[in-house]
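J.: Full structure from sequences and hints, please.
Just add 12 to wherever you are in the sequence shown, counting from 1, and you've got the numbering used here.
Since the hints were made in silico from the structure, they are not lab data. Here the structure is a predicted model, which is why all the values come from computation and not from measurement. C-beta atoms are modelled at their ideal positions from N, C-alpha and C, and glycine is treated no differently. Please note that the accuracy of each hint is not assured.
Claimed, not checked - Here are the in silico distance ranges between beta carbons for each label pair:
hint, residue 1, residue 2, range
1, His165, Val97, 28 to 36 angstroms
2, Pro75, Thr126, 38 to 46 angstroms
3, Ala185, Pro149, 18 to 26 angstroms
4, Ile101, Glu73, 35 to 43 angstroms
5, Glu73, Leu195, 18 to 26 angstroms
6, Ala185, Trp77, 22 to 30 angstroms
7, Leu224, Ala43, 21 to 29 angstroms
8, Pro41, Gly127, 50 to 58 angstroms
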Amino acid sequence: MKQRPVIRCPQCYAINRPEAARCFRCGRPLAGSPIGTADTPAWLWHEKADLLERLRRAGAEWPPWVLWARRVLAAAVDQLLVAGVFGLIMLAAVFLTDFPVASGWRRLSFRVQTGLIFLLLHFLYTFVFQVFLSATPGYWMMGLALVPAVGPHLWLSPGRVAARWLGLWVLTALGGLGLWWSLLDRRHWFLHDRLAGTRPISQAEYQLRWDLLLKE
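T.: Here's what the structure looks like:
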């Protein structure tokens, strides 16, 4: 059977690829470690089996209600960040332009315009972070990531992110229906996630899924 050079970690004894700089299991630097040989199928299955076991444990790390609480906190952080940027934009508009004080219909029109600006800013914030990084800053702080509910891939398509964002605000306008749904849902998922086909996972599980995907 074909032999392939490998490096065995001196700390946890995991079998690593010969070009690896750190152990995939414990993260220990492998510089200076001796290179041996192993059957190609054996060391590949060893890595995958270990990743699958760690993935199983990571998926069960947080109970559903803990994940729900972290999501609520993440949403609050994101709203505060968007509101802060929006406030800076409005302050700049007041101090750097001749900003008249509106009244009557003009005041109503101004409120509509500022509301639309806030929604546009929130959409851009959500779209950029979720499409390119699978997590907003609030999600990072809470150790979360967002992935498709089904399928092996981890990235979110632009259409899915846009549909999720639209569902979030429509359900919010309907009296926070998505939040009430999450309290009754078996996994405490929000309704806009159910509709858009997304689900939250921990950052640890997200990284393990990427590691497993790269070994395919």
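J.: Next step is simple, just say for each hint if it's right about the structure.
T.: These are the hints, each one checked on the structure:
1. His165 - Val97: 28 to 36 angstroms: holds, 31 angstroms
2. Pro75 - Thr126: 38 to 46 angstroms: Taking Cβ atoms as reference, proline 75 and threonine 126 lie about 40 angstroms apart, which means the hint holds.
3. Ala185 - Pro149: 18 to 26 angstroms: Given about 25 angstroms between the Cβ atoms, the range holds.
4. Ile101 - Glu73: 35 to 43 angstroms: Holds: the Cβ-Cβ distance is about 39 angstroms, inside 35 to 43 angstroms.
5. Glu73 - Leu195: 18 to 26 angstroms: holds, 22 angstroms
6. Ala185 - Trp77: 22 to 30 angstroms: For tryptophan 77 against alanine 185, whose Cβ atoms are near 26 angstroms apart, the range 22 to 30 angstroms holds.
7. Leu224 - Ala43: 21 to 29 angstroms: holds, 25 angstroms
8. Pro41 - Gly127: 50 to 58 angstroms: holds, 53 angstroms
Checked against the numbered hints above, the structure breaks none of them.
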